[in-house]
Amino acid sequence: IGCKKEQQQAGGRGWLVVDSEGQGTILDVDKHGIMHRFNIHARDFRVLDPHLSYPSAILVRDSAIILNLEHIKAIVTADEVLLRDPSDENVIPVVEELKRRLHNDDIGDDDNDESPFEFRALEVTLEAVCSFLGARTTELENAAYPALDELTLKVTSRNLDQVRKLKSAMTRLTTRVQKVRDEIEQLLDDDDDLADLCLSRKIATPPHSPSSRSIATNRRWNSPTSGSKTIKASKASVMGIHGEENGVEELEMLLEAYFSQIEGTLNKLTTLREYIDDTEDYINIQIDNRRNQLIQLELFLNSGMLAMSIYALVTAIFGMNIPYTWNHDYGYMFKWVIIVAGLSTLALFVTLMSYARFKGLVG
Amino acid sequence: IGCKKEQQQAGGRGWLVVDSEGQGTILDVDKHGIMHRFNIHARDFRVLDPHLSYPSAILVRDSAIILNLEHIKAIVTADEVLLRDPSDENVIPVVEELKRRLHNDDIGDDDNDESPFEFRALEVTLEAVCSFLGARTTELENAAYPALDELTLKVTSRNLDQVRKLKSAMTRLTTRVQKVRDEIEQLLDDDDDLADLCLSRKIATPPHSPSSRSIATNRRWNSPTSGSKTIKASKASVMGIHGEENGVEELEMLLEAYFSQIEGTLNKLTTLREYIDDTEDYINIQIDNRRNQLIQLELFLNSGMLAMSIYALVTAIFGMNIPYTWNHDYGYMFKWVIIVAGLSTLALFVTLMSYARFKGLVG
Amino acid sequence: IGCKKEQQQAGGRGWLVVDSEGQGTILDVDKHGIMHRFNIHARDFRVLDPHLSYPSAILVRDSAIILNLEHIKAIVTADEVLLRDPSDENVIPVVEELKRRLHNDDIGDDDNDESPFEFRALEVTLEAVCSFLGARTTELENAAYPALDELTLKVTSRNLDQVRKLKSAMTRLTTRVQKVRDEIEQLLDDDDDLADLCLSRKIATPPHSPSSRSIATNRRWNSPTSGSKTIKASKASVMGIHGEENGVEELEMLLEAYFSQIEGTLNKLTTLREYIDDTEDYINIQIDNRRNQLIQLELFLNSGMLAMSIYALVTAIFGMNIPYTWNHDYGYMFKWVIIVAGLSTLALFVTLMSYARFKGLVG
Amino acid sequence: IGCKKEQQQAGGRGWLVVDSEGQGTILDVDKHGIMHRFNIHARDFRVLDPHLSYPSAILVRDSAIILNLEHIKAIVTADEVLLRDPSDENVIPVVEELKRRLHNDDIGDDDNDESPFEFRALEVTLEAVCSFLGARTTELENAAYPALDELTLKVTSRNLDQVRKLKSAMTRLTTRVQKVRDEIEQLLDDDDDLADLCLSRKIATPPHSPSSRSIATNRRWNSPTSGSKTIKASKASVMGIHGEENGVEELEMLLEAYFSQIEGTLNKLTTLREYIDDTEDYINIQIDNRRNQLIQLELFLNSGMLAMSIYALVTAIFGMNIPYTWNHDYGYMFKWVIIVAGLSTLALFVTLMSYARFKGLVG
Amino acid sequence: IGCKKEQQQAGGRGWLVVDSEGQGTILDVDKHGIMHRFNIHARDFRVLDPHLSYPSAILVRDSAIILNLEHIKAIVTADEVLLRDPSDENVIPVVEELKRRLHNDDIGDDDNDESPFEFRALEVTLEAVCSFLGARTTELENAAYPALDELTLKVTSRNLDQVRKLKSAMTRLTTRVQKVRDEIEQLLDDDDDLADLCLSRKIATPPHSPSSRSIATNRRWNSPTSGSKTIKASKASVMGIHGEENGVEELEMLLEAYFSQIEGTLNKLTTLREYIDDTEDYINIQIDNRRNQLIQLELFLNSGMLAMSIYALVTAIFGMNIPYTWNHDYGYMFKWVIIVAGLSTLALFVTLMSYARFKGLVG
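Chains as they are written, first to last, in the working numbering: chain A, 1 to 363; chain B, 1001 to 1363; chain C, 2001 to 2363; chain D, 3001 to 3363; chain E, 4001 to 4363.
Calculated directly from the structure, the hints in this document are not laboratory data.
Just to be clear, a hint being listed does not mean it is correct.
[To be verified] Result set (BS3-like, lysine-lysine): computed pairs, CA atoms no more than 25 Å apart in a straight line:
1) C:K2154 to C:K2165
2) E:K4359 to D:K3359
3) B:K1165 to B:K1179
4) A:K154 to B:K1359
5) D:K3165 to E:K4268
6) E:K4268 to E:K4179
7) D:K3179 to E:K4179
8) A:K335 to E:K4335
9) B:K1268 to B:K1179
10) E:K4154 to D:K3165
11) D:K3165 to D:K3179
12) E:K4165 to E:K4179
13) A:K179 to B:K1335
14) C:K2359 to D:K3359
15) C:K2179 to B:K1179
16) D:K3154 to E:K4179
17) A:K165 to A:K268
18) C:K2154 to D:K3179
19) A:K179 to E:K4165
20) E:K4359 to C:K2165
21) E:K4031 to A:K359
22) B:K1165 to A:K165
23) A:K359 to A:K268
24) B:K1165 to C:K2268
25) B:K1335 to A:K165
26) D:K3359 to B:K1154
27) A:K154 to A:K165
28) E:K4268 to A:K268
29) D:K3359 to C:K2154
30) B:K1268 to A:K154
31) D:K3268 to C:K2165
32) E:K4154 to E:K4165
33) A:K154 to C:K2359
34) A:K335 to B:K1335
35) C:K2179 to D:K3359
36) A:K179 to B:K1268
37) C:K2154 to E:K4359
38) D:K3154 to E:K4359
Note that the structure is predicted; figures quoted are calculated from it, not measured.
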């Protein structure tokens, strides 16, 4: 578990090694070979298993960083990057960028070529993941906002189902973005982990001071001889030798920048979620309000029908085949029956409508 | 309460002891015997009582770790594991795995056989609990997603009841997973507890330095003679003797790996919960929307009926047995009454429908 | 405000003093007497006032712990416990238990008789409060689950009102349990408060070192002469003299055990709350769905009525007292009118129903 | 910005100064005069501006505490309290209490007269604010609970509007209480701010040690000569001279007591909020359930009407003026038509009702 | 990355430089020129890109502060401020204020002219951002409260849509205010960042002590020779030389004042959000309640129609052209049929209404 790095030659299936020259080699070793070569525990290796669908994680181990960031599953050591599924459609550009950036080391024309190997590897993967998630978020936004506006105009089963699918997709994407953000934040909050991420320095130290091997492993338990001061001194001496360029400071700045980017992505998703929720509230109120209007119209129709049925009742009474005495003084009888019944009916209808209006039930 | 461990031979009902040889023995002692033998306080022992249904807990005591993780209720010391209800269906594989892993110690062919006894015991129980909860979550997912999709297609009382039962099950499972996750997180956050978990080291120290007995008990109150520096030195000396293999570092990595696994399980449950909530929102809007469509159709029917009733009224008027003067210039009268009444009725119906469409009430 | 404890004899109304012999004495002093005797500030004493209904609180003061835990309102010093309203129905068993446990000190047959006086008093009150809240929770659960299941089967005003009352009770109980839990957690999180809780040690120290009186009062402001190191040394010396039995460690374990218990109670209430919420969602969807079914049936009836009214219209037309020419070629006329009108009506009804089914409006 | 306090005589509009003799003087200086006299920055002075409606805030500055607690806007220094709008109805009792308590200093008969000037001023304002908010909360509770119970009995627009207004008031009050609570909590959590609140001690120090002026201003930046140890020593020396009576300990206890009180107020508001929410849920379900019952009754009526209309159709058929052959074998014909049609109609009605009951649509 | 500041003359597009004389110069350099001149990493520069729409951020770098606060995108160094898009309508007043305040330095008549250059620049931008967000919030409030009250009076599609748009605007504004608030809070919580913000001091130090260059970069990794004490001493010496005027203390007070202001803005938005939510709940209940009243009126109409249809049925029976025996004892027959049928119908109607009232369905 110590800081030693076994330099055994081994291989694996579906793994690509990119070394500090920017050269990529396909590994032809099985799982146990990789675990042995990179000194990874079986527990930690499981995190990279695509079948177990672990959430995104950045595990800092003694001589390696294990990255499971969305589609990028990698093991980063001080001079090699091991990448799973290099032929995956989304991983290919990451491989290209890794080769370019890790190779740049020798030429030294860029402005951040002085960074240690593992920082550059970490930056490439973080940039790839942040861009990937940002692109997914933008795609989702482009699909969701029109769908929501369409739903506002007209509620149909098809529109509803589409919005529901987009909402599910948004929830899943938010969980993934949140997880990556949390992993970066956790690193930023824990100075010990930040220090452990500087793999190069941990390796570079042994020749200078034999006791400094305990820096990495004795994170919380200080070294035997001198207590905390010695540790600080030896840490400081490392810095004095290697300069500030591979310090924790630079790593913190690097993580802060990508944290800000992923935070922006998360903000967009949160805004989208609130927009969806607001739209749903709006649709609910609109559907409810329209229903009231429908029922108001129905009330109008029903009032009309009640008035009609009273009129019809009057005519039906006179349609009975029972003879009655005042049947024969006709001439004015027919007109009066029609007019009186009609006026009464109208009065009833107007009364009903006025009552509803008085009660505030119709607009 | 000290670090001493009484090595009395005793027994208990429903308890199995697995020792460092991987041998399992049924204990035949009562509750007080166990509490005395393992130096457990009555307060802490209550946590293991299956009738009190305490939530999951990992209590770190001076000479023992008390584990109440779902179905696994165990007391782990530096050289023994005491397991409750070993004949329980879910506990049997844990017993098998415990015997295998704790026995492996002597052979030494595996890659983590150098871990102290209590770490291996802890790993076996954590692995069992995480797998158990993961399996329950997967079962729930397999039942819930089809049920939700079915509910989306057709809302019936049976489907609703099924989803409600699944939601209840999910809530209960989430609480349990959350509790296990919180316990692991709490251990990871508290360096003192992590240090206390290393039982072997605490036992191994006394012969070397008499004063170091205070490491475990004086967690926050430093030792009498020299203040904080001495403590650190003596802690460090422990480490210098036993090497890094039983350090806090290894324990932290172990817990981190299972924390990541249980976090993944919790993520799945959270996603499921949001999917259920979204589906309910969707169903609510769909039911509401369908109701509006039903009422629209009813409005159509009512408008038709109103038109009919007006037509019927006209015919009823002419059906009255009251004689009227313009009764006898027939021939064209009948046709005109039918046609005029029919057209007026149709006009009324069309007017009503146009009004509703103009108001945006019908599609 | 110092550590001195005035041993004046005084009395109060409605207060019971239990001393370290387990003897209970009714105090006959007024409020100011108690405040003076136990050196309590008026601000802090108000917390115990039953009329002001303060939430649960554990205030750690120099020479006393002020406990306001639900019905138990007490002041605990290093050798006395002052209990408010000792004749309250819920407080009587607490008094009995206090007398038993505080008396046990002399006999020394139990397993935790070596604890300091104030720890035993604290444990008795915590146990009483946790059991009390646990019992209330179980009562609530026993009432709520059947009421909810009944509500699921049939929604009546009576059932709704009962569930609403249970929900209110649950909310209030949750607030109380949460408050007790928060108080215990806050103590566990603050090492200074934990140290201040060890009243006996603070009192026992003065004879040994005159400067150590500042330990309790100068919690954050270190002593004049030597800075932080001296403090630590003097603290350590206290421990060296009194041993580990009254250390912070034991207190932390005590609080942890009851924290776990109250956490379990809170978990039950949270699960209950979620069950109620889920049931409400379910009932809402079910009510909505049943309404749609009702409206579907109504639609069926309305369609039937529309068909009927058309048929009736046809017959009414022929019922008019207006003569028409094709009145006399009877024999087949009557049958044809009935059959054609009946078939048209049936066709209309079938068309309406098919339309509704095609639109997905009826099942 | 230093600790010096300019003793210039100046005046202001609408400000009252209460000095350590309990004497109140109306200040007749403008804004800039006050800022200059009390050494307050323009940024901080803005907090007291009633037109800008800042939320409650307690700003700790070098030589003054700026209090903006609800209606009380004050500047507290080591020997003066400056109060805005002393003629405000709510502020008058605060002025009286301030004069009484600040004057008490000389007499020394009360139990907390040994507190420094600024502590007593702070306690008076905190007590006034907590009582004020507590009284507002009680008023709200007294109005809200009856209104909610009335709403439960009968949902009217007037009741609804009243509850809505109470809910708005509650939300605003909760925000204000929460803000005061947060300010107190923040002070309690930050030991530096607590130390800075002890204005008297900061002023009293200079004559003893010239370097200790840096205590207040160099909160996080230690003094030049000796690093952290010297600071602690000089802080301690201050305490050794002035005793414990003006220590941070006392201030913490003071704040804790009012924190507990305002926490109780917040608890009441939270309980009220949950009660309102539960009542709304209950009303929603009740309205929905009542609607279903209304529709069930309507369904009953519609079924009846359908049956009637079929009966009416039969009679209408026989009312047509079309002659039919079996018209003349009367005597039994009329009875049979009525009886058969009536029974068929009844059968139809019973069938419809049974179907609805079978489907669970009517109770 | 060191503290050196390259004083190369260069230019940029759309950038304005304000120097310590208050003079503004348009820069005519491209992106890389600016990055090189101000020693900014490409990662960090991206934060200022208006096309990437990053959320608000304050990044503290070695020799510059990168501000992305809403519309103000600036780089602040110890003697220059670089402002993006100086011709933007919202940025122009910021430029004016910057020139005024940064120029004031030489005259020295104001009360805070002794602040270091970067503090004044930071204060101007914070004031501009807080005022800008406060103004947007006030605008929103002025639009939202009348719209909500109008919606309460009458629910129309237009009102609903307006409220929905305001709610969306509020959500977006809240996210922005929250982000600015979080950035300020994060600075206040992190003493290291606060110290790094004092750019002037970091620059001023080198001539005095060569080793102090490590203060800024070695934030967490102490300097090689002497451990933490030396650092503190050197920090202290800086302060001893430059006095308290550019200390962390002043910066903290500055940030606290604007934090309080932006907190007030956020409070207003939160209150608005709750008001909107409460109004929506109220409208939902009101719509639901009105619907029940509509259905109650409909029930009344339907009951009337059922009664009418029974009456009509009776008359229709007597309208059949089937002869019946008791047809000829007329005179009283007609009256009795009308009266009996009318009374029965009325009785039925009254029974129905009483039943509904008994069931609590109509008011």
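Going straight from one Cα to the other, do K3154 of chain D and K4359 of chain E come out at no more than 25 Å? holds, 14 Å
Is the Cα-Cα distance between K4268 of chain E and K4179 of chain E 25 Å or less? holds, 15 Å
K179 of chain A and K1335 of chain B: Cα distance at most 25 Å? Status violated; Cα separation ~80 Å.
Keeping to a limit of 25 Å between CA atoms, is the pair of K335 of chain A and K4335 of chain E held or broken? It holds: about 21 Å lies between the C-alpha atoms, which stays within 25 Å.
When you check the alpha-carbon spacing of K3154 of chain D and K4179 of chain E, does it fall within 25 Å? violated, 45 Å
Given the proposed pairing of K1165 of chain B with K1179 of chain B, does the C-alpha separation stay at or below 25 Å? holds, 21 Å
Are K179 of chain A and K4165 of chain E close enough, with their CA atoms no more than 25 Å apart? violated, 31 Å
Distance restraint between K1335 of chain B and K165 of chain A, which requires alpha-carbon spacing of 25 Å or less: The given pair, whose Cα atoms are some 59 Å apart, is violated under the 25 Å limit.
For a C-alpha distance cap of 25 Å, please report whether K3268 of chain D and K2165 of chain C respect it. holds, 17 Å
When you check the alpha-carbon spacing of K4154 of chain E and K4165 of chain E, does it fall within 25 Å? Cα-Cα ~17 Å, so holds.
Distance restraint between K2359 of chain C and K3359 of chain D, which requires alpha-carbon spacing of 25 Å or less: Satisfied, since the Cα-Cα distance of roughly 22 Å is no more than 25 Å.
Is K3359 of chain D within 25 Å of K1154 of chain B, Cα to Cα? Distance ~16 Å between K3359 of chain D and K1154 of chain B Cα, so the pair holds.
Taken one by one, the earlier hints fail for this structure at numbers 13, 16, 18, 19, 21, 23, 25, 30, 35, listed in ascending order.
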